[in-house]
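Protein chains in written order, with our numbering: chain A, 1 to 164; chain B, 1 to 370.
Calculated from the structure, these hints are not laboratory results. The model shown is predicted, which means the values in this text are computed figures rather than measured ones. C-beta atoms are modelled at their ideal positions from N, C-alpha and C, and glycine is treated no differently. Be aware that one or more of the hints could be misleading.
What the hints assert, rightly or not - Straight-line alpha carbon distances no greater than 27 Å define the calculated DSS-like cross-link-like pairs of lysine-lysine that follow:
1. K31/A with K194/B
2. K35/A with K83/B
3. K159/B with K31/A
4. K46/A with K270/B
5. K31/A with K196/B
To be verified - Cβ pair distances, simulated, as ranges:
6. E42/A with S156/B: 55 to 63 Å
7. E42/A with K253/B: 32 to 40 Å
8. R164/B with G26/A: 20 to 28 Å
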Amino acid sequence: MELVNPGIGLIFWMVVIFGLLLLVLGKYAWKPIMKSLHEREESIDKALKSADKAREEMKSLQADNEKLRQEAREERDKILKQARDKQNEIIEQAREEANQERQRIIDSARKEISNEKQAAARELRETVADISLKIAEKITRQELEDEKKQHKLVKEYFDEIDFR
Amino acid sequence: MNKVTLSKTLKIFTPILLISILLQVNPLYASENSESANNDSGEEEFNAGKMILDHIVDHYSWHVMTIDGKEVAINLPVILYHKGQWHFFMSSRFDHGHSSYKGFKIAKEGPNNGKIVHVTHKNGGKKVERPLDLSITKNVASLFSAAIIALLIFLSVAKRYKQRTYKAPKGLQSFLEPVILFIRDEVAIAAIGKEKYHKFMPYLLTLFFFIFLMNLMGLVPIPPGGANLTGNLAVTGVMALFTLIITLTSSNKNYWRHTFNTPGIPILLKLPIPIIPVIELVGIFTKPFVLMVRLFANITAGHIVLLSFVSIIFIFTNNIDPIAGLAVSPVSLLFGVFISLLELLVAFIQAYVFVLLSALYFGMAMEEEH
């Protein structure tokens, strides 16, 4: 039967053609194709990996940023607090100083006043003494104009003196 | 059946004929015309079996169609080596098998039916000899075409790959890439393993695409298609032989130990009568043999079924009535289309199966002890 009786010629040509096709395609088609596919896959793989890495880095960078911001915020709060403290302190100090100053002024004023008062009192005493002496002098002079009165006075003085 | 009825029938059939061209059954029609033309002499009746067989075997000239009884055929070179002498001539010398040339003629019967034989008349007796026949037959010519098409496609695609290594595939490249990756990932890596598949890739890819291409070309009715390449045992047999040779050359010690001294088998099955080793040894050769027969049988069967459906029209026309032939033709053509589409699927599946099994055999030959 012809169908299952293949010709030797076809077998020969098939060996030749298939063999040549195998060699040529193997060297000039499949080799570069497989190489290129492999390279492309590798590069895609690498790109994906690096994208992953970049994302990871981004994330850590963001975390860092957040941390830095947090730190900055804390720092700011700290500085503000310090400033407020300092302000309060300064105000307190100023108040204190003002108080002291006032106290000092008041004290010195008081002292001055008292000094002045004493001086005035002394002067007044002296003046009063003076006046008293003058009055006494005048009175004495008036009293002494009359004999009787002089005797009487002497008598009074003597009376006053205790001779015991 | 006279000529008038025939031409009338043909007129009615013209639209269907046009459709049938699209449906890739054109050569059948062409041949049928010649058959019918022969019928005019009243010598031959339409013989579906003969016609179908005629379509799926090899020929020395490439018959395209017959117009008004005139055959349109591509004559192919005949290359013969007989008794220390080479003979080169065109197949037109045989006048489509009707005449002989230099004592060579195409045998019409016997074991060499359809092949060139050398006939010498001596002492009143006939001596029939078969020369070494390396003719460029229809199949060989189609084989050349397939190889050239394969080279054109894959060399250009390879060039594209070189230019666009890191870019997405484009055009034909993007059409072929999934198939290449499929062969690599689902066939080679799956069957052979990730470490060793590399060196088999050129063979597996060439095998797959060549079988697929030949299968498809077998479905195209006009040259360079139309030859039943993968439905020829020579073609499938050579490919199976390549698979066998590669299997044997890449086999390791473990493979041969498994063949001759299969572990885990009772010793009585090996000695004194080596049943299992013999079975295993025969298995080495039956595997490629089955590869050869499977592809051949599947493709040939597809062609036979397709041709049979179309033959129904002529059987009805010739044996019952032209009207009956006309009536049955839509059904026939519908089934023809269906079978054609099925054959497209089979073309892929058989190429895939051939390659997958080859890869499995390579994988088995290289399996390490576990």
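Results for each hint:
1. Between K31/A and K194/B the alpha-carbon distance is near 17 Å, which keeps this suggested pair within the 27 Å criterion.
2. Distance restraint check for K35/A and K83/B: the Cα-Cα separation of roughly 50 Å exceeds the 27 Å cut-off, and the hinted pair is therefore not satisfied.
3. With a C-alpha separation of about 11 Å, the suggested pair K159/B and K31/A falls inside the 27 Å cut-off, and the hint holds.
4. A threshold of 27 Å between alpha carbons decides the hint, and for K46/A with K270/B the separation of about 54 Å lies outside it, so the pair is violated.
5. This hinted pair checks out: K31/A and K196/B have alpha carbons roughly 15 Å apart, not beyond 27 Å.
6. With their beta carbons about 24 Å apart, E42/A and S156/B fall outside the hinted range of 55 to 63 Å.
7. Hint check: E42/A to K253/B, Cβ distance near 34 Å, so the stated range 32 to 40 Å holds.
8. In this structure the hint that R164/B and G26/A lie 20 to 28 Å apart at CB holds, the actual value being about 21 Å.
Of the numbered hints given earlier, the model fails hints 2, 4 and 6; all others are met.
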